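Read off the chains here:
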Amino acid sequence: MFGLLALAALVLVGCRQDMHNQAKFEPYEKSDFFLDGSSARVPPAFTVARDSVDPTSSIYTGEDDNGWMSAVPYVVDEAFLHRGQQRFDIYCSPCHDNTGAGNGMIVQRGFKQPPSYHEQRLRDMPIGYFYNVATNGYGLMSGYKAQVKLQDRWAIAAWVRVLQRSQNVPEGSLSAPDREQLRHDLQNAESSTASAHAAGAP
Amino acid sequence: MTDNKPETAQIFGKGSNQVVWLTIILGLAGVAGAGALLFIIDRGPLHTNQGVYVNQDVPFSHDHHTEGLGLDCRYCHTSVEDSAFAGIPPTATCMNCHKTVWANTEMLEPVRDSWQTGQPLEWNRVNDLPDFVYFNHSIHVSSGVGCESCHGPVNEMPLVYQEHSLQMRWCLECHRSPEDFVRPKDEVFNLDWEPSDEGMSQKELGKKLVAEYGLEPKQNCSTCHR
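Here the protein sequences line up with chains Z and X, keeping their order.
Quick note on my numbering: the first sequence kicks off at 1 and runs consecutively.
Quick note on my numbering: the second sequence kicks off at 1 and runs consecutively.
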């Protein structure tokens, strides 16, 4: 009796599926029609999306007639930099860490260590170069153009510059209280490394 | 004189009244039981798949990648902020790291095959609304509804399961009283956020945020059935 009821209930419940899976594809749904099994298709070669940017323009390549662009082709205000910071933390900090020193979590788990943004060679690079690396990658690092939008890649490049400046401030340009704070911090840092040495750390 | 007894014997014995009652009662109980059973099955995990781990060809662990490595949801679900669909990462995203990290392990073989052949990886769906329902991630994410409110603690799941029933009444529960769920917009991707982090109860904070963000989730049918 119970078995029969359960069966009847299941059959009734089962009836509901008819409109659940309609003859249309939801994003990324599997397809038996195409050979690669995917309903999401790659656009044919040489097609250009309506709102896409000319792939030979400076805003897209990061280069102008004088080489890497030295300015960001957007208005750089606080909101733009905040956006850059947020995107950097999502897409770049796993390897480059929040400061750009190159000790991110994935590096700690065995990925090749990237150079620090604070080495002289990279400090001297124009901003267009950072946009270019974010877009197309460099060496073992993949490009991020599939994951990060054009304007956001420029915002990230601007943020990289902010990070570089923040780690390379001439002492003379600091306000008096900041300079005092810096001395204080440096002294603390020295005494803590000293005590770490005393405790046997390398 | 016993022969004068009618030929036809008494068909229904003394017990037959009880049998009749028993049939009626059992019959009614059966109908009610079937109803109750339908009700239970309709709301239970057997039908909604709530709480059931979904196996995948590649045992991708959110626990390791988000809780362990600290990756943000948007590193992989890139379209969740500005489209209806959250997005499932293509093989290339995995290869950003796995071209060297854990590169020769058997577990990642399907990922490497997919990378070499261009054949996309197949992931089994976990959350799947019927096709007659319209859902949109971006409106929720930009209104201060956290991933966690709908998907539960994904960051701690070795394999993803569906946290809620995804039935219509579940959507409506929140559309009727969003103040029970809404959080500050910059905590949407923080799955460990608690209302006590703001030093308030969810009700107080929720009321404040709903007013601040001007939220009025609609309940008319055409919102979700279009």
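Honestly, I wouldn't trust all of these hints.
Derived lysine-lysine pairs resembling DSSO-like cross-links, with alpha carbons at most 30 Å apart [as the list claims (entries may be wrong)]:
id	chain 1	residue 1	chain 2	residue 2
1	X	Lys185	X	Lys203
2	Z	Lys145	Z	Lys112
3	Z	Lys149	Z	Lys112
4	X	Lys207	X	Lys218
5	Z	Lys24	Z	Lys149
6	X	Lys203	X	Lys218
7	Z	Lys112	Z	Lys30
8	Z	Lys30	X	Lys99
9	X	Lys218	Z	Lys24
10	Z	Lys112	X	Lys99
11	Z	Lys149	X	Lys185
12	X	Lys185	X	Lys218
13	X	Lys208	Z	Lys145
14	Z	Lys145	Z	Lys30
15	X	Lys218	X	Lys208
16	X	Lys185	X	Lys207
17	X	Lys99	Z	Lys149
18	X	Lys208	X	Lys185
19	Z	Lys145	X	Lys185
So the derived list for chain X, only partly shown, Cβ under 10 Å to chain Z, looks like this [what the hints assert, rightly or not]:
id	residue
20	Trp193
21	Met200
22	Lys203
By construction, these hints were calculated from the structure, which means they are not laboratory data.
For clarity, every value in this text was computed on a predicted model and none was experimentally measured.
Think of the CB as a built atom: it goes at the ideal place given N, C-alpha and C, for glycine as much as any other residue.
Each hint, compared with the structure:
| no. | hint | in the structure |
| --- | --- | --- |
| 1 | X/Lys185 with X/Lys203 | holds, 16 Å |
| 2 | Z/Lys145 with Z/Lys112 | holds, 21 Å |
| 3 | Z/Lys149 with Z/Lys112 | holds, 25 Å |
| 4 | X/Lys207 with X/Lys218 | holds, 17 Å |
| 5 | Z/Lys24 with Z/Lys149 | holds, 29 Å |
| 6 | X/Lys203 with X/Lys218 | holds, 20 Å |
| 7 | Z/Lys112 with Z/Lys30 | violated, 36 Å |
| 8 | Z/Lys30 with X/Lys99 | holds, 26 Å |
| 9 | X/Lys218 with Z/Lys24 | holds, 26 Å |
| 10 | Z/Lys112 with X/Lys99 | holds, 11 Å |
| 11 | Z/Lys149 with X/Lys185 | holds, 21 Å |
| 12 | X/Lys185 with X/Lys218 | holds, 20 Å |
| 13 | X/Lys208 with Z/Lys145 | violated, 38 Å |
| 14 | Z/Lys145 with Z/Lys30 | holds, 25 Å |
| 15 | X/Lys218 with X/Lys208 | holds, 19 Å |
| 16 | X/Lys185 with X/Lys207 | holds, 14 Å |
| 17 | X/Lys99 with Z/Lys149 | holds, 23 Å |
| 18 | X/Lys208 with X/Lys185 | holds, 13 Å |
| 19 | Z/Lys145 with X/Lys185 | holds, 26 Å |
| 20 | Trp193 | violated, 17 Å |
| 21 | Met200 | violated, 25 Å |
| 22 | Lys203 | violated, 30 Å |
Checked against the numbered hints above, the structure breaks hints 7, 13, 20, 21 and 22 and satisfies the rest.
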